[in-house]
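> Between the sequences and the hints, there should be enough to build the whole structure, so can you do that?
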Amino acid sequence: MPTFEVEGKKYDVDEDGFLQEPDLWTEDVAKDFAKSESIDALTDGHWKVINYIRNYYLQFGIAPMVRKVCKETGYKLSEIYQLFPSGPAKGACKLAGLPKPTGCV
Amino acid sequence: MADADEGVKPANGKPETKLLDELEKGPWPSFVTEIKSAQGVTGGAEDLLGQLELSYEDKVSHWKHGGLVGVLGYGGGVIGRYSDVGEQFPKVAHFHTLRVNQPAGWFYTSEALRTISDIWERHGSGLTNMHGSTGDMILLGTTTDHLEATFQELTHAGFDLGGSGSAVRTPSCCVGMARCEWACFDAMKLCYDLTMAYQDELHRPALPYKFKIKCSACPNDCVAAIARADLSVIGTWKDDIRIDQAEVANYATAGVDIQKDICANCPTRCMDWNGKELNIKNRDCVRCMHCINAMPKALRPGVEKGAVILIGAKAPILQGALLSSVLIPFVAADELLDTLKELIQRIWDFWDEYGTNRERIGELIQRVGLAAFLDGIGLDPAPEMVSAPRDNPYIYYQPAKEDEA
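Line order of the protein sequences matches chains A and B. For the first sequence, our numbering puts the final residue at 106, and the numbers step up evenly by one. For the second sequence, our numbering puts the final residue at 458, and the numbers step up evenly by one.
Bear in mind the hints are in silico, worked out from the structure with no lab data behind them. Keep in mind that the hints are not guaranteed to be accurate.
Stated by the list, open to error - Here's a subset of chain A near chain B, in silico, CB distances under 7 Å, partners left out: (1) E16; (2) Q21; (3) L25; (4) D41; (5) K77; (6) L78; (7) L84; (8) P86; (9) S87; (10) G88; (11) K91.
Stated by the list, open to error - Distance ranges between label pairs, derived from CB positions: (12) L43(A) to K78(B): 56 to 66 Å; (13) S39(A) to Y109(B): 18 to 28 Å; (14) K78(B) to K10(A): 55 to 65 Å.
All figures in this text were calculated on a predicted structure; none of them were measured in a lab. All residues carry an ideal CB built from backbone N, CA and C; glycine is no exception.
Here is the structure:
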């Protein structure tokens, strides 16, 4: 199983770098993973998206659809891509500790 | 799953392909032959054949389900592929696919193709699929750390990635006016204009599911838009088929049995031949193109040209296959782009509102009914939307009643 290492911490991840055990997520995970998604520092904007996706996942067990993320956070899709250059599925969901989305985001 | 002692990879590096070799027999082209011809280039071909042979032995795919990789700024265009027998076949352990937006009508210079091939041998397996059923150029097999570099070199060479996932897929079209005398509108230009208009929707997936647009410039429908595109634009004409009676007579003299081979093959029997003159009842013509294809010198589409817009085709994934059905029976050629943009926006608004996750537009229309869909996008029903009204015993006609009232 691949691991992702940062500052001495080790995370078990899948080939694409998604956390293997979504339950082990803490805010530190998001901070530690940020660099790997080309994000220098997490701003309030990032947290708004991460927390929305995280809470949606805890409630429904899946990642929200992209248009729902935009609607609920008030960000346009282009703004989401500015926050998370690799996109809502690969970037935001990874930082929110979700298992790899298979479908929509 | 993987049997190490199967002996699929002998010492000379070339895999044994007993089962795959069967696919080289017969007169037709074989993808096995093609992949074999790429052996010795990057090593990707050898391991790909090895893994596929193993798949045929095990009767199971050795690609893992899914993969999520991409380039910065884009949410699509790269499809992640991982092997579950990567230790045995290291060159295909990570084997991502890139979709590259093809030029409209698939016209390349030799130089462009060499550039692509060079980039791909530097950064990938060197294997390509020209072209995939999506219409894109498909570059097969690379690893995550090569994605950004490949993307950069491709964009410098003037190429861009295509669509994947729940996005507008790369629009595609037939060769249109560049090569074909039957073209009723400029499919290549329309395809290009649509591609440019929907760059955002193409690269950053935000729809309930995939949305494919394909344009065929005449009813021969060379890109099979009616069977594959959620939105099919197919060229047609409004007036009469143009006839050159002297040329019809020439065909007859040259041995064509006009009555048997042309008239009798017309699906609506809308024409007859009296030995001197071909008469067409254009009212009954369904634009099947048979007569025009059979006698290209004598018959031509009319002069009032444009396209019919159809909606809803899809291959069977979640539900069965659907063909597109007519949405707008005729749009004049010069109004096509504006009409499509307006129409697409209305369709997406409706789909966004009522479509469920991974529901194609055709499935949504089936679920809510055509009437509700038309109402939702603000279009009036038209008789052309029904392909064969009297075939369905559950539709009850009562034309007289309305007259009485």
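> Please go over all the hints and tell whether each is borne out by the structure.
Against the structure, the hints come out as follows:
1. E16: Holds: closest Cβ of chain B sits about 5 Å from E16(A), inside 7 Å.
2. Q21: At 14 Å from the nearest chain B Cβ, Q21(A) fails the 7 Å test, so the hint is violated.
3. L25: violated (19 Å)
4. D41: It is violated, given that the least Cβ distance between D41(A) and chain B is near 13 Å, above 7 Å.
5. K77: This hint is violated: K77(A) lies away from chain B, its Cβ roughly 10 Å from the closest one there, beyond 7 Å.
6. L78: Since chain B brings a Cβ to about 5 Å from L78(A), closer than 7 Å, the hint holds.
7. L84: It is violated, given that the least Cβ distance between L84(A) and chain B is near 12 Å, above 7 Å.
8. P86: holds (4 Å)
9. S87: With a minimum Cβ separation of about 6 Å from chain B (threshold 7 Å), the hint on S87(A) holds.
10. G88: Hint on G88(A): holds, closest Cβ of chain B at ~4 Å, below 7 Å.
11. K91: Since the shortest Cβ distance to chain B is 5 Å, the answer is holds.
12. L43(A) to K78(B): 56 to 66 Å: Since L43(A) and K78(B) have Cβ atoms about 59 Å apart, the given range 56 to 66 Å holds.
13. S39(A) to Y109(B): 18 to 28 Å: violated (41 Å)
14. K78(B) to K10(A): 55 to 65 Å: holds (56 Å)
Checked against the numbered hints above, the structure violates hints 2, 3, 4, 5, 7, 13; every other hint is satisfied.
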